[in-house]
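Given chain A's structure and the hints, the job is docking chain B onto it.
Just so you know, the sequences run in chain order A and B.
My numbering puts the first sequence at residues 1 to 289.
My numbering puts the second sequence at residues 1 to 381.
Hints are computed from structural coordinates only; laboratory data are not their basis.
Backbone N, C-alpha and C define an ideal beta-carbon position, used for all residues, glycine too.
Possibly wrong hints are sitting among the right ones.
[To be verified] Using C-beta positions, here's what the derived DEER-type ranges look like:
1) Ala185(B) with Asn59(A): 28 to 34 Å
2) Phe226(A) with Arg224(B): 28 to 34 Å
3) Ser144(B) with Gly268(A): 48 to 54 Å
4) Met100(A) with Ala79(B): 25 to 31 Å
5) Pro126(A) with Lys115(B): 49 to 55 Å
6) Asn273(B) with Met100(A): 40 to 46 Å
7) Asp75(B) with Ala170(A): 50 to 56 Å
8) Pro248(A) with Asn263(B): 36 to 42 Å
9) Lys115(B) with Glu124(A): 45 to 51 Å
10) Ala9(A) with Asn332(B): 51 to 57 Å
11) Glu379(B) with Phe226(A): 46 to 52 Å
12) Met100(A) with Lys143(B): 35 to 41 Å
[Claimed, not checked] Straight-line Cα separation of at most 25 Å, SDA-like style, residue types lysine to any residue; simulated pairs:
13) Lys326(B) with Pro294(B)
14) Lys111(A) with Ala7(A)
15) Lys111(A) with Glu51(B)
16) Lys111(A) with Thr73(B)
17) Lys111(A) with Ser64(B)
18) Lys143(B) with Arg112(A)
19) Lys313(B) with Gly354(B)
20) Lys334(B) with Glu361(B)
21) Lys66(B) with Arg112(A)
22) Lys360(B) with Phe153(B)
23) Lys236(B) with Lys282(A)
24) Lys143(B) with Ala7(A)
25) Lys282(A) with Gly148(A)
26) Lys236(B) with Ala7(A)
27) Lys111(A) with Val62(B)
28) Lys146(B) with Gly203(B)
29) Lys111(A) with Trp186(B)
30) Lys282(A) with Leu269(A)
[To be verified] Okay, the calculated bits of chain A under chain B, using three or more residues with CB under 8 Å as the criterion:
31) 2-10
32) 112-121
33) 199-211
34) 239-247
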Amino acid sequence: MEEVLNALARALSFGTPLLIACLGALLNERAGVVNLGVEGMMALGALAGFAVAYGEGGNGNLWLAVPAAMLAGGLAALLHGFVTITLQANQFVSGLALSMVGLGVAGLLGKRYEGLPLFDHPPEGPFILGAIGLALLLAFLFSATRLGLALRSVGENPAAADLLGLNVLALRYGAVVAGGALAGLAGAYLSLVYRPSWTDGMTAGLGWIAVALVIFVGWNPLRAIFGAVFFGLLYYLQFRLQGQSGIPSEVFASLPYLLVILVLALSGLRGQQGNAPEALGKPYRRGER
Amino acid sequence: MKTRLLALVAAIGLGFGLAQQANLKACFIYVGPIGDVGWTYAHDEARRAAEKAIPGLTTQYVESVKPADTLATVDRLVAGGCNVIFTTSFDFMDQTLEAAKKYPNVIFAHASGFKRAPNMLTYMADFYQIYYLNGLMAGALTKSGKVGYVAAFPIPELKRHISAFALGVRAVNPRATVNVKWINAWYDPVKAREATEALIAEGNDIVAFTEDTATVIQTAARRRVPSFSHYNSMYKYAPDYVVSGQLVDWSVIYIDILKKVQNGTYTPKNLENVDYWWLARERAVMLGAQVGMPINPKFEPALKQATMVVNGKRVSVYDRVMELYKDIQSPNPKWDPFTGPIRDRNGVLRVPAGRKMTVKELNEMQWVAPGVVGPVPDEPK
Chain A
1 MEEVLNALAR ALSFGTPLLI ACLGALLNER AGVVNLGVEG MMALGALAGF AVAYGEGGNG
61 NLWLAVPAAM LAGGLAALLH GFVTITLQAN QFVSGLALSM VGLGVAGLLG KRYEGLPLFD
121 HPPEGPFILG AIGLALLLAF LFSATRLGLA LRSVGENPAA ADLLGLNVLA LRYGAVVAGG
181 ALAGLAGAYL SLVYRPSWTD GMTAGLGWIA VALVIFVGWN PLRAIFGAVF FGLLYYLQFR
241 LQGQSGIPSE VFASLPYLLV ILVLALSGLR GQQGNAPEAL GKPYRRGER
Chain B
1 MKTRLLALVA AIGLGFGLAQ QANLKACFIY VGPIGDVGWT YAHDEARRAA EKAIPGLTTQ
61 YVESVKPADT LATVDRLVAG GCNVIFTTSF DFMDQTLEAA KKYPNVIFAH ASGFKRAPNM
121 LTYMADFYQI YYLNGLMAGA LTKSGKVGYV AAFPIPELKR HISAFALGVR AVNPRATVNV
181 KWINAWYDPV KAREATEALI AEGNDIVAFT EDTATVIQTA ARRRVPSFSH YNSMYKYAPD
241 YVVSGQLVDW SVIYIDILKK VQNGTYTPKN LENVDYWWLA RERAVMLGAQ VGMPINPKFE
301 PALKQATMVV NGKRVSVYDR VMELYKDIQS PNPKWDPFTG PIRDRNGVLR VPAGRKMTVK
361 ELNEMQWVAP GVVGPVPDEP K
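Isolated chain A (complex conformation) (with noise of 0.2 Å):
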């Protein structure tokens, strides 16, 4: 029983971050934008989240700390807005890049933090329920609200609901930076809470799961929660049952990409993209069809 207890406080523990960046990712694709940047934000997040609580010497501000992370993460959604809503470039090339620019700015104006350790950081309890509640919250704005019909519709039908007199490219470029903002948010988790420090590339990829993740729950705030704990509970079980049972524990490393997969397939038998938004990647001009 304890062993259950324990598996599942490290399920939370790890898929907090899955969850909250999932949710970011989810958000904007809701309104029909991808952003593959998750990863980069992540990064900017973790790092700002840090400079600000570790200060001069570990004297910073904690409670600003958090707000800092959410605003890197935005900012840095907010040019990947600006390239995909605005400019109309392609959004999967756009968000690749700023995986990458995010990682590599967040690596260089990093390097005076790196290996710092943080004594007094958060705990770890306020982070979990504040993700569980948060995918409560988005699964009530998405059907139970006006702001999450007008955001739905924007990445089902743009035009049909600009004809409707909603203001497609503001419910975007609002729906990306709130995306952002939660990755930032993911990120400050891993450098405040998980770790906590910071040094380069301690993502480690959690970013792109999310991105997976995403599919994986079909675009549903409380499937995520589920999928985030069975994800968390997949890698820590890799370490758990390392060497304990016949089975190698690649196979628990790489079982939730293979699940991805496997919806995507499924899905794809079905003659249909799972519950992707219709609009999901498409850059909206009025006027065209």
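Chain B alone, transformed into the frame defined by chain A:
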């Protein structure tokens, strides 16, 4: 007048000659970022120390170089005037050898490898003796008899270190186990944390590790579990929980090599058989939670209280650690952890009685010592 002029010319000439000899540019190719608090950080610290210690030496470094880009990086550095190039990762070996052939007048030094050339030497600072000492302490401090070990890759270097550590643990506590989790990465703080969590969940109440971050120490401290520094001083991450550890000082090797290049002992023609295998004796490695602190004072009482039997006599673990540490730092150490008879964990005799393992054997070691628990790839049955 004429003689004065002659003297002046001679003086200028001499000055030139000296300047030319002193004009040494050493360049370093790193596999990781210099801030990784692990392997690359230690090399870079040593680079800076060498620059301070040797007048006329300038240095340059390139970080996070992929092994496949080694040769291209060398091209750039040679064009920039480097006379000595250090490639500081095992993965750089083959391309370094290629570069050595391409630039016969440049001196190459490759860390942790085994291929050499007239202008390419090899060097390594190895921890296996220190790991045994840490094993003694872990064996004394564990209450559950289970010691955790987070390990990067199942290569001979780690098998040697884990085995030395396990031999130390068992010398104090013959029934204790060293439980290994592989993360298959030198640098992945997320994996390191979850592997540590798994070890602690399995009842390991003290942990050691070989990977390039301080994650294991930070995670263990959260769970109030003692740990050991690896590579650099990591005491600062958890002053209450870091017992001791293995620390490196590459600068003694770098300074020795560069001085010998400067004074002409090493030339691009005579390095075929130059291999540094430096240990505590040469001060290339140290025992410590941090530099200058071999054992964290917080753990001294417990280690003085714990006892073990050495040659039929009962001694405190603390005294044993200090005695052996003194021995391996002496000019002619008598003791070595891999002195036979040693059987591997499957019971096969690997080191016959009275024999010490050679450097070559240590470098090719695929078996692991008794007490090591967990899957070990490429282990001879």
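A quick look at each hint next to the structure:
1. Ala185(B) and Asn59(A) have their C-beta atoms about 33 Å apart, which keeps the hinted 28 to 34 Å range intact.
2. The hint said 28 to 34 Å for the Cβ distance between Phe226(A) and Arg224(B), and at roughly 32 Å that hint holds.
3. Separated by about 50 Å at the C-beta atoms, Ser144(B) and Gly268(A) satisfy the suggested range of 48 to 54 Å.
4. Range check, Met100(A) to Ala79(B): about 27 Å between beta-carbon atoms, so the 25 to 31 Å window is met.
5. Range check, Pro126(A) to Lys115(B): Cβ separation about 54 Å, and the 49 to 55 Å hint holds.
6. Take Asn273(B) and Met100(A): their Cβ atoms lie about 44 Å apart, and the range 40 to 46 Å holds.
7. For the pair Asp75(B) and Ala170(A), the supplied restraint of 50 to 56 Å holds, since their beta-carbon distance comes to about 51 Å.
8. Separated by about 54 Å at the C-beta atoms, Pro248(A) and Asn263(B) break the suggested range of 36 to 42 Å.
9. Between Lys115(B) and Glu124(A) the beta carbon distance is about 47 Å. The supplied range of 45 to 51 Å therefore holds.
10. For the pair Ala9(A) and Asn332(B), the beta carbons lie near 52 Å from each other, so the given range of 51 to 57 Å is met.
11. Between Glu379(B) and Phe226(A) the C-beta distance comes to about 39 Å, which lies outside the given range of 46 to 52 Å.
12. The hinted window of 35 to 41 Å between Met100(A) and Lys143(B) is violated, with their beta carbons roughly 48 Å apart.
13. Proposed proximity of Lys326(B) and Pro294(B) is supported: the alpha carbons are some 11 Å apart, at most 25 Å.
14. As the CA atoms of Lys111(A) and Ala7(A) are separated by approximately 35 Å, the hinted pair breaks the 25 Å bound.
15. Proposed proximity of Lys111(A) and Glu51(B) is supported: the alpha carbons are some 21 Å apart, at most 25 Å.
16. Our distance criterion of 25 Å between C-alpha atoms is met by Lys111(A) and Thr73(B), whose separation comes to about 22 Å.
17. For the given pair, Lys111(A) sits about 13 Å from Ser64(B) by alpha-carbon distance, which is consistent with the 25 Å threshold.
18. Restraint check: the Cα-Cα separation between Lys143(B) and Arg112(A) comes to about 40 Å, which exceeds 25 Å; the hinted pair is violated.
19. Between the alpha carbons of Lys313(B) and Gly354(B) the distance comes to roughly 20 Å, so the proposed pair stays at or under 25 Å and holds.
20. Taking the CA atoms of Lys334(B) and Glu361(B), the gap is about 19 Å. The hint holds against a cut of 25 Å.
21. Between the alpha carbons of Lys66(B) and Arg112(A) the distance comes to roughly 23 Å, so the proposed pair stays at or under 25 Å and holds.
22. Taken as a hint, the Lys360(B) and Phe153(B) pair is honoured in the structure, with Cα atoms around 20 Å apart against an allowance of 25 Å.
23. Simply put, Lys236(B) and Lys282(A) have alpha-carbon atoms about 50 Å apart, too far for the 25 Å limit, and the pair is violated.
24. Distance restraint check for Lys143(B) and Ala7(A): the Cα-Cα separation of roughly 23 Å lies within the 25 Å cut-off, and the hinted pair is therefore satisfied.
25. The suggested pairing of Lys282(A) with Gly148(A) holds, with an alpha-carbon distance near 20 Å, which does not exceed 25 Å.
26. Between Lys236(B) and Ala7(A) the alpha-carbon distance is near 29 Å, which puts this suggested pair outside the 25 Å criterion.
27. For the hint pairing Lys111(A) with Val62(B), the CA-to-CA distance comes to about 15 Å; that is within 25 Å, so the pair holds.
28. For the given pair, Lys146(B) sits about 7 Å from Gly203(B) by alpha-carbon distance, which is consistent with the 25 Å threshold.
29. Of the pairs offered as hints, the one joining Lys111(A) and Trp186(B) holds, with about 19 Å between alpha carbons and a cut-off of 25 Å not exceeded.
30. For a cut-off of 25 Å, the pair hint linking Lys282(A) to Leu269(A) stands: about 23 Å separates their Cα positions.
31. For a cut-off of 8 Å, the count of residues in the segment 2-10 of chain A with a CB near a CB of chain B stands at 4, and the three-residue condition holds.
32. A stretch counts as covered by a chain when three or more of its residues have a beta carbon under 8 Å from one of that chain; for the segment 112-121 of chain A and chain B the count is 3, and the coverage holds.
33. Counting residues of the segment 199-211 of chain A whose CB lies closer than 8 Å to any CB of chain B gives 6, so the stated coverage by that chain holds, three being the minimum.
34. With a threshold of 8 Å between beta carbons, the proposed coverage of the segment 239-247 of chain A by chain B holds, since 4 of its residues qualify and at least three are required.
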